[in-house]
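Enquirer: Residue numbers (the numbering used here), protein chains in the order written: chain A, 1 to 291; chain B, 1 to 170.
No lab work stands behind these hints, which were simulated from the structure alone.
Just to be clear, a hint being listed does not mean it is correct.
Said to hold, decoys possible - Restricting the straight-line Cα-Cα distance to at most 20 Å, the calculated cross-link-like pairs of lysine to any residue (SDA-like) are:
{"#": "1", "chain 1": "A", "residue 1": "Lys-213", "chain 2": "B", "residue 2": "Val-136"}
{"#": "2", "chain 1": "A", "residue 1": "Lys-213", "chain 2": "B", "residue 2": "Gln-133"}
{"#": "3", "chain 1": "A", "residue 1": "Lys-213", "chain 2": "B", "residue 2": "Tyr-132"}
{"#": "4", "chain 1": "A", "residue 1": "Lys-213", "chain 2": "B", "residue 2": "Arg-169"}
{"#": "5", "chain 1": "A", "residue 1": "Lys-213", "chain 2": "B", "residue 2": "Gln-6"}
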Amino acid sequence: MGYRAGSLKRLATPVRVAVQRSALVLLLLASAAMVGFSRADISKAERLRMVVADAFVPLLDALSRPAATVHDAIDELHELAAIKAENMRLRDENVRLQHWQQVARELDAENRGLKDLLKFIAPGEPRTVAARVVSDSSTAYVRSVLVNAGSDDGVRKGQAVVDGNGLVGRVTEVGQRAARVLLVTDINSRIPILLEATRHTAILSGDNSDRPKLRFLPVEAEVAPGDRIVTSGHGGVFPAGIAVGVVAAVGAGEVRIQPLVNFDRLEFVRILDYGPDAVLPPASVRGPAGR
Amino acid sequence: MITFWQRVDHFVRHLSPFATTVLLVVLNAIPLPIPDYRTVVPLVPLMAIYYWAMYRPDLMPVLAVFIVGLLEDVLTGAPLGFNAFLFLATHGIVRSQRRFILGHGFFAIWAVFVVIVAGVGGLSWLVATILYQGAVPPAPAVAQLGLTLAVFPCVAWFLLKVQRTFLMRL
Chain A
1 MGYRAGSLKR
11 LATPVRVAVQ
21 RSALVLLLLA
31 SAAMVGFSRA
41 DISKAERLRM
51 VVADAFVPLL
61 DALSRPAATV
71 HDAIDELHEL
81 AAIKAENMRL
91 RDENVRLQHW
101 QQVARELDAE
111 NRGLKDLLKF
121 IAPGEPRTVA
131 ARVVSDSSTA
141 YVRSVLVNAG
151 SDDGVRKGQA
161 VVDGNGLVGR
171 VTEVGQRAAR
181 VLLVTDINSR
191 IPILLEATRH
201 TAILSGDNSD
211 RPKLRFLPVE
221 AEVAPGDRIV
231 TSGHGGVFPA
241 GIAVGVVAAV
251 GAGEVRIQPL
261 VNFDRLEFVR
271 ILDYGPDAVL
281 PPASVRGPAG
291 R
Chain B
1 MITFWQRVDH
11 FVRHLSPFAT
21 TVLLVVLNAI
31 PLPIPDYRTV
41 VPLVPLMAIY
51 YWAMYRPDLM
61 PVLAVFIVGL
71 LEDVLTGAPL
81 GFNAFLFLAT
91 HGIVRSQRRF
101 ILGHGFFAIW
111 AVFVVIVAGV
121 GGLSWLVATI
131 LYQGAVPPAP
141 AVAQLGLTLA
151 VFPCVAWFLL
161 KVQRTFLMRL
């Protein structure tokens with residue numbers, strides 16, 4: 001009996017090695033095929049990815065909370081140290097903001113009066129879905145994040161994603177409980193924008209750096225560092241008027257934009273939902289102006 | 001006589017290389033509030049693949065490597081199959097050369113990891129350039145590879161602890 005078991009083992013070992021070898025080659029081929037396939041048939045690859053993402057989102061959600069808590073605690077300590085200076089700054093800001101509130105109220109009243117005169121029907125406010133960033137899936141080649149809201153919450157592909165400061169990106173893949181958000185800095189991100197002051201249109205084109213650049217800006221457009229840019233709503237992908245960033249640098253034939261969103265500290269985002277077949281109206285919900 | 005619980009114990013211990021690798025993949029995907037960390041986050045999962053292929057290839061079947069690769073693809077948003085390919089290639093190369101490398105101590109292991117990381121980095125950059133039809137800035141990738149090499153001894157130390165704790169007698 002012992003002898004037979006031994007001979008079986010002697011036979012089994014080379015077989016196992018051969019199986020392992022061929023499995024390695026087969027799986028290597030399968031992986032290479034998948035890379036090609038994921039480019040050819042994007043929708044099927046996406047569905048498969050989101051199934052896995054759905055399964056892992058609860059775990060990621062749980063694990064990312066302690067990290068967030070620790071960084072909140074550190075922030076708090078920093079803030080405690082600078083509390084007096086911060087207080088002074090806030091007082092100043094408060095005075096300024098009260099003035100702006102006054103202006104806004106007057107403009108609002110005037111706006112309402114004018115709308116009444118014109119019988120203007122205001123576009124509906126978007127429903128927003130709040131979500132937490134649970135996985136920062138950015139690498140040297142991709143700038144995207146996973147959030148813990150999906151089709152169950154009404155998230156759909158193409159929706160704009162914002163945080164308190166401005167535009168974060170757009171939804172590119174949706175699972176039941178998770179969605180992938182392509183950040184505006186990603187090399188595949190193209191967003192129609194306009195210069196807030198001069199109304200010149202251009203395309204904000206990410207290149208995986210922290211500062212995406214403007215393309216197709218008209219030659220006659222005058223830009224200076226500090227100019228704000230907002231989404232134009234052209235192409236129907238994004239609602240118009242979402243704050244995106246400010247012009248950071250104007251170089252030789254190249255304009256770089258500093259996004260308003262701090263992508264290093266992205267924690268909560270809102271996904272704007274204008275209903276299934278909405279013609280995208282101007283964003284009536286916007287972040288505070290500037291940084 | 002092997003009892004039921006001994007079987008369970010045995011099974012769980014055998015699972016530890018795969019489990020630690022999955023754990024590192026998931027931990028690596030968690031957002032940390034460090035400026036620019038996202039773009040240069042070290043390739044920790046690759047270290048685990050490398051380590052287990054080097055020390056316990058018997059407990060890390062190629063199918064497990066494939067699954068870990070796909071998980072990494074999903075969580076990092078890379079094209080599906082991309083990391084699976086890199087991990088499998090790393091696993092295959094290390095597995096075939098491990099007897100030779102293991103004889104030369106930890107510095108040889110680290111040195112070979114440098115070669116693997118350079119290969120993985122070069123291939124990633126090439127594939128990204130082809131997929132995005134244009135040159136991708138190489139600076140973050142270079143920083144990422146440097147950080148990966150620097151962090152390797154720490155991760156290797158952690159995996160060594162795991163190996164000593166769970167797999168001493170296996």
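Enquirer: Verify the proposed pairing of Lys-213 (chain A) with Gln-133 (chain B), using a straight-line Cα cut of 20 Å.
Expert: 18 Å, holds
Enquirer: Compare the distance between the alpha carbons of Lys-213 (chain A) and Arg-169 (chain B) with 20 Å, and conclude whether the hinted pair is satisfied.
Expert: 58 Å, violated
Enquirer: Would the hint linking Lys-213 (chain A) and Gln-6 (chain B) be met if the CA-CA limit is 20 Å?
Expert: The hint is violated at about 61 Å.
Enquirer: Hint check: Lys-213 (chain A) vs Val-136 (chain B), CA-CA at most 20 Å. Holds or violated?
Expert: Holds - the C-alpha atoms of Val-136 (chain B) and Lys-213 (chain A) are around 14 Å apart, at most 20 Å.
Enquirer: Taken at face value, is the distance from the CA of Tyr-132 (chain B) to the CA of Lys-213 (chain A) at most 20 Å?
Expert: Judged against 20 Å, a Cα distance of about 17 Å means the pair holds.
Checked against the numbered hints above, the structure breaks hints 4 and 5 and satisfies the rest.
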